[in-house]
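There are 2 protein chains.
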Amino acid sequence: MDNRPIGFLDSGVGGLTVARELMRQLPHEEIVYIGDSARAPYGPRSAEQIRSFTWELVNFLLTKNVKMIVFACNTATAVAWEEVKEKLDIPVLGVILPGASAAIKATRNGKIGVLGTPMTIQSDIYRHKIQALSPETEIENLACPKFVPLVESNNYKSSLAKKVVYETLRPLVGKVDTLVLGCTHYPLLRPIIQNVMGQNVKLIDSGAECARDISVLLNYFEINRSRTAEPLKHTFYTTASPMAFREIAEDWLAMDLIVEHVTL
Amino acid sequence: MDNRPIGFLDSGVGGLTVARELMRQLPHEEIVYIGDSARAPYGPRSAEQIRSFTWELVNFLLTKNVKMIVFACNTATAVAWEEVKEKLDIPVLGVILPGASAAIKATRNGKIGVLGTPMTIQSDIYRHKIQALSPETEIENLACPKFVPLVESNNYKSSLAKKVVYETLRPLVGKVDTLVLGCTHYPLLRPIIQNVMGQNVKLIDSGAECARDISVLLNYFEINRSRTAEPLKHTFYTTASPMAFREIAEDWLAMDLIVEHVTL
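Line order of the protein sequences matches chains A and B.
Take the first sequence: its position 94, counted from the start at 1, is 94 in our numbering, and no numbers get skipped.
For our numbering, count along the second sequence from 1 and bump the result up by 264.
Same shape as in the complex, but just chain A (with noise of 0.2 angstroms):
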């Protein structure tokens, strides 16, 4: 047992996509979250600042006496996960394998579309992690860029938003029967996405996927949470406004936050 949170990081609030699920499945454990807002989205930037700002959320996540770090964010995962993994002595979780090999079991016709930022696109990781799993499967990449500033203003709602993701999706409707929502921001899109894909797609969220591979590593590292421990007290850092970071956030978990300020 280690009743020690689990730290989240994200480019801002596409993490909470994958905290809400682990709320969901194991509601016993405790979150530490860090979104860096105020620099996202990180998808259109260099791997080297990518790479420099993910240290800096992963030292923070440290500094709360993290036991496990899940990078809620495919763009951090596609760049610097293996190295972080690789450097600390607790388990650290990336999005980008548990949605890969969710894919692969999904599709029937061996042909898989991938969303995500400008990064995550330009890294070609998913059809790197994929095609070596399964060789034959045919991926369509396709960066959104629009998609993150889209939610980080709080406008995944609106008509925009339904114009954008039908014009950024047009090319793929029709080629492909599962697509990859790989990156955590856009399951806040959700509704629109599938309504321009159509109801037979079948939509991977990596976040939701990689909330299960949490509760695997819990168990074989066996440092879950013990139920009788301490009230949880989950803890949400943005580097931006805490007010707009609670909007959505209390929208997306339908739960009142503790929502703090922190400059890196």
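Please keep in mind that the hints were generated in silico from the structure rather than gathered at the bench.
Heads up, some of the hints might be wrong.
Unchecked claim - Computed, partial: chain A to chain B, Cβ under 7 angstroms:
{"hint": "1", "residue": "N59"}
{"hint": "2", "residue": "S101"}
{"hint": "3", "residue": "T228"}
Unchecked claim - Listed next, with one range per pair, are the computed distances between beta-carbon atoms:
{"hint": "4", "chain 1": "A", "residue 1": "V262", "chain 2": "B", "residue 2": "E404", "range": "14 to 24 angstroms"}
{"hint": "5", "chain 1": "B", "residue 1": "T499", "chain 2": "A", "residue 2": "N195", "range": "23 to 33 angstroms"}
{"hint": "6", "chain 1": "B", "residue 1": "N373", "chain 2": "A", "residue 2": "D89", "range": "56 to 66 angstroms"}
{"hint": "7", "chain 1": "B", "residue 1": "D515", "chain 2": "A", "residue 2": "S226", "range": "38 to 48 angstroms"}
{"hint": "8", "chain 1": "B", "residue 1": "R491", "chain 2": "A", "residue 2": "D89", "range": "26 to 36 angstroms"}
As the list claims (entries may be wrong) - Derived, one-sided and incomplete: chain B residues facing chain A with beta-carbon distance under 10 angstroms:
{"hint": "9", "residue": "Q289"}
{"hint": "10", "residue": "A364"}
{"hint": "11", "residue": "S398"}
{"hint": "12", "residue": "Y484"}
{"hint": "13", "residue": "E486"}
{"hint": "14", "residue": "N488"}
{"hint": "15", "residue": "R491"}
{"hint": "16", "residue": "P495"}
Fair warning: this is a prediction, and the values are worked out from it, not measured in the lab.
The beta carbon of each residue, even a glycine, is placed where N, CA and C say it ideally should be.
Chain A is already provided as a structure; the job is to place chain B on it using the hints.
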């Protein structure tokens, strides 16, 4: 990527229920299996003897250059999993934690039954693991010493099996809503067990749960087998008669098998 096989150990043929799940979920992974049928059942033996036998099985698998070892045996997991996991530098997975977690998720009324061998029940390990995570859960333990011999003697579909299962489980009927098959041999008796307990009781197959965890750990440690690797060649070893082993294994796995005798 790591194209080496996954090693499975069991006191006999029970671990085949885990191997079958693995083949279904991860058809591209290769298996080396060792069943100690000559010394089955392990359940009534002393902890010291079980520990010693388990190490013999582990050392045998290590000579087969495995990348991971699965304790496809609850009794061996109860006695020696933590010790072996600590000593080896490859991942070692047991069946108890995956089964315990699944049972906690499945129960609605907080009353979980656990079937196991005398040693597994005596160790009280399911109660220990389940209540550490969920203290309010009530556990009804039941040792089923006659079940493994029924399976090892290929009598698991007989009218004798129906009689034995009925008489053994009678004290549990109506008392729990979830029942852990806390021995990998028991899924071969599943239809009879379900029939005796009633269709509303959720049966937890610790081996099937474990197979899902294997997939997560292969991802986490980045040791999946490439689908471009050499054709699969599963190998099964038994310390008793290969013919008797093959009969059960081919019935259960519905495939032709290479079964070799080995002396430990």
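Comparing the hints with the structure gives:
{"no.": "1", "hint": "N59", "result": "violated, 22 angstroms"}
{"no.": "2", "hint": "S101", "result": "holds, 6 angstroms"}
{"no.": "3", "hint": "T228", "result": "holds, 5 angstroms"}
{"no.": "4", "hint": "A/V262 to B/E404: 14 to 24 angstroms", "result": "violated, 49 angstroms"}
{"no.": "5", "hint": "B/T499 to A/N195: 23 to 33 angstroms", "result": "violated, 50 angstroms"}
{"no.": "6", "hint": "B/N373 to A/D89: 56 to 66 angstroms", "result": "violated, 40 angstroms"}
{"no.": "7", "hint": "B/D515 to A/S226: 38 to 48 angstroms", "result": "holds, 43 angstroms"}
{"no.": "8", "hint": "B/R491 to A/D89: 26 to 36 angstroms", "result": "holds, 33 angstroms"}
{"no.": "9", "hint": "Q289", "result": "holds, 8 angstroms"}
{"no.": "10", "hint": "A364", "result": "holds, 8 angstroms"}
{"no.": "11", "hint": "S398", "result": "holds, 6 angstroms"}
{"no.": "12", "hint": "Y484", "result": "holds, 6 angstroms"}
{"no.": "13", "hint": "E486", "result": "holds, 8 angstroms"}
{"no.": "14", "hint": "N488", "result": "holds, 6 angstroms"}
{"no.": "15", "hint": "R491", "result": "holds, 6 angstroms"}
{"no.": "16", "hint": "P495", "result": "violated, 15 angstroms"}
Of the hints listed earlier, those the structure fails to meet are numbers 1, 4, 5, 6, 16, in rising order.
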